[in-house]
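Could you build all of it, start to finish, from the sequences and the hints given here?
Sequence order for the protein chains is A and B. Following numbering that gives the first Met the number 0, the numbering of the first sequence begins with 0 at its first residue and continues without gaps. Following numbering that gives the first Met the number 0, the numbering of the second sequence begins with 0 at its first residue and continues without gaps.
It is worth saying that the hints were derived from the structure and are not from the lab. Quick caveat: nothing in here was measured; it's all calculated off a predicted structure. Quick reminder that beta carbons are idealized off the backbone N, C-alpha and C, glycines included. Do not take every clue at face value.
Stated by the list, open to error - With a cut-off of at most 30 Å between alpha-carbon atoms, the simulated BS3-like pairs for lysine-lysine come out as follows:
#1 A:K285 to B:K87
#2 B:K87 to A:K133
#3 B:K87 to A:K185
#4 A:K294 to B:K87
#5 B:K83 to A:K196
#6 B:K83 to A:K294
Claimed, not checked - Residues from chain B that keep clear of chain A, each with C-beta distances beyond 12 Å, as calculated:
#7 N22
#8 A34
#9 C105
#10 D115
#11 R119
#12 L128
#13 K132
#14 G137
#15 T142
#16 S150
#17 S156
#18 E166
Unchecked claim - Going by beta-carbon spacing under 7 Å, a handful of chain A positions derived as facing chain B:
#19 M120
#20 S121
#21 H125
#22 L177
#23 P178
#24 Y180
#25 P182
#26 P302
#27 A303
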Amino acid sequence: MKLTGAQALIKSLEMQGVDVMFGLPGGAILPVYDPIIDSPIRHILVRHEQGAGHMAEGYAQATGRPGVAMVTSGPAATNIVTPLADAYMDSVPIVVITGQVATSAIGTDAFQEADITGISMSVTKHNWLVTDAKDIPQIVAEAFHVATTGRPGPVLIDFPKDVATSQMDWYWPESVDLPGYHPNLKGHTKMVGTAAKMILEAKRPVFYVGGGVLKAHASEALMNLVELTGIPVVTTLMARGAFPDDHPLCLGMPGMHGNYTAVTAMQKSDLLIALGSRFDDRVTGKVSGFAPDAKIIHVDIDPAELGKVRRPDVPIVGDVRIVIEDIIKAITADSETYQRKEDISQWIQTLKEWQEKYPLRYSNASENGALKPQYVIESLRDLAPNDTIVTSGVGQHQMWASQYWKFNFPYTWINSGGLGTMGFSIPAAIGAKVGKPDKTVWAIDGDGCFQMTAQELVTASIERIPIKVALLNNSYLGMVRQWQEMFYDERYSEVYLSPDLPDYVKWSEAMGCAAFRVDNMEDVGPTIEKANQINDRPVVIEFRTDSSEKVFPMVPAGASNDDIIVGPES
Amino acid sequence: MSISYIPGNGSSPDYINDGKTINHHVLSVLVENKAGVLARIAQLFSRRGYNIFSLAVAPTDDSRFSRITIVVDVDSVPLEQITKQLHKLINVIKIAELDPAESVECELLVATVNADITARGHVMELVALFDGKIIDVGTDKLTVLVTGEPSRIDDFSELLSSFGIVELQRTGRVALAKLERQSSKLKNTIGRVG
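Dropping the structure here:
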């Protein structure tokens with residue numbers, strides 16, 4: 000069967016089971032947009048290429064399937080570099096297809112030419128420039144394989160226009176052969192045994208759970224291991240929901256804005272069992288002062304993470320689900336060797352005392368009667384269905400959302416953790432809602448973030464993707480304002496945005512959304528309930544919140560986690 | 000015959016640069032022979048803040064693969080990160096760190112040196128001592144070629160400089176692991192003999 004390169008590309012995506020893609024056409028990718036008309040794949044036309052990339056990320060994180068975005072060459076390709084970098088940092092499997100000028104024009108500074116394989120090299124797991132139409136099925140199969148296996152990540156296929164229009168004999172490769180790519184899944188048996196022993200011998204153990212647990216679909220295995228060992232769990236910003244917040248052994252989020260108990264449990268621990276986490280600087284604080292007495296078991300599928308920041312005592316390279324299951328097997332199969340040597344009930348008791356003494360807290364009292372953002376998030380949480388998917392942008396609202404929401408299900412929290420991409424929440428929410436149309440999706444956003452990607456609400460309206468946006472408008476770039484208040488003597492530099500310019504309600508309505516403004520506590524609940532009833536179009540609620548509210552607890556940048564600031568009074 | 004190189008102390012030869020000890024490690028990296036692979040490797044070093052001291056690339060006997068010999072100057076801990084990060088590149092198939100004591104290293108030098116009628120004989124004598132060759136002859140200059148262990152090349156280059164070097168080019172080193180010749184027991188004693 001003869002196909003054009005463009006047809007072969009779309010057919011290859013179909014073969015990969017792609018049901019939806021996000022994109023925006025242009026000159027170089029034009030030929031590929033023609034066969035889309037005849038394809039069962041749903042194409043969602045975005046308003047900016049960055050939106051397409053984040054939608055693919057949101058889709059991937061909500062469904063566990065790779066997200067696909069397709070844009071044209073040059074500026075479109077450079078516009079999608081941010082989502083690639085974002086996905087690379089957070090290990091999100093997305094496949095980005097960029098148009099490219101014809102192979103004969105590559106290198107000539109042709110119209111809308113950008114060296115996107117060169118540009119994206121350091122923010123993709125791998126990328127391909129297709130130079131021959133006969134390679135298309137092979138490259139697509141390789142791209143999806145690389146994106147979704149091992150440590151997942153973004154890949155890019157650069158697709159020249161003449162390749163799209165040339166002919167090829169259709170085939171579908173039976174296997175992918177990449178001689179230099181063989182992710183190791185099973186942990187070293189001896190190391191697993193050592194880990195199992197150490198877990199039972201520790202006095203103050205903590206499971207330090209990262210996003211890798213979600214990527215490996217290891218939540219259930221983790222629950223079994225926690226139930227078996229009775230060891231408490233912290234879930235990092237990328238792992239919220241991997242272990243239910245309502246579980247008595249869940250300590251919540253550690254790190255710069257983690258709660259006291261989660262942060263201090265790690266600090267005082269004698270054994271950290273790091274599962275798919277990477278000792279990020281936002282978790283460790285000053286590395287030399289991080290968990291000084293802890294031995295480290297580090298399980299990760301990416302060997303380069305082991306010893307990158309903190310040298311583990313027991314390094315285990317493998318799929319975290321398989322390794323957890325093997326640890327459980329080791330413990331249960333040989334009760335002679337593997338038995339609890341230490342009573343950790345005192346440790347659990349200490350943690351409970353900390354939780355009671357240092358809970359997350361805020362006060363609804365404010366000088367001007369302004370709404371507290373934490374109250375808004377708690378209200379959203381209490382009125383939303385249990386398995387609501389929450390996305391967020393980056394900044395204060397992100398931290399409050401992670402702190403105050405109760406994540407009891409995996410894949411219900413989608414945010415930009417590593418790169419910290421402002422504007423992430425709206426397109427990510429759209430992608431998540433497309434992937435999980437039956438779930439309520441709330442985007443918790445800030446006014447700074449909203450203005451970066453709000454135009455995608457037009458996409459949501461037209462494509463009938465009824466996401467809900469809770470816009471916490473404190474009229475500032477709040478996190479920067481917080482740092483300027485605390486560390487720059489309240490010298491506020493370029494952080495004021497204005498509360499009513501733009502008029503968020505009018506703007507949202509102009510984009511086809513239902514829109515409400517709330518500026519007092521009484522209206523918070525009823526307005527959220529009203530929004531929850533609307534399912535035929537996107538909803539935006541603008542909450543006017545207190546500008547001076549700060550995120551606590553906080554470990555100042557560069558400080559040790561021992562120097563945690565619990566609240567505004569300290 | 001090496002003049003000043005003392006091989007086989009088990010660690011990489013160190014040298015002092017601006018008062019700082021630099022550790023040289025030789026990585027032999029087998030890669031797929033595909034467009035852009037060198038860019039990926041160079042980019043990775045730059046991205047992660049590692050310095051390449053020298054680099055040599057050529058296809059192997061199997062044209063699907065190339066071998067890249069990279070000399071990096073780092074301590075052993077970042078070296079572990081470098082190799083792990085390199086391994087993550089899809090096109091990288093195998094990485095070996097070559098211990099200088101357990102490998103054969105070779106480098107090539109070509110240099111144009113001032114050699115008027117009075118100096119010419121001395122230059123030729125030096126080149127002969129180092130088993131080198133004269134590859135071009137001008138009226139008052141010679142272009143010479145020497146190959147061998149990098150330390151030997153260092154020595155030659157130093158001695159040559161007294162004549163006045165006009166231009167000099169080194170290839171960067173290439174290396175392969177030493178072959179097994181003795182039983183492992185014997186190797187430990189014999190292999191150490193300098």
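### Query
Hint by hint, which ones does the structure fall short of?
8 and 25
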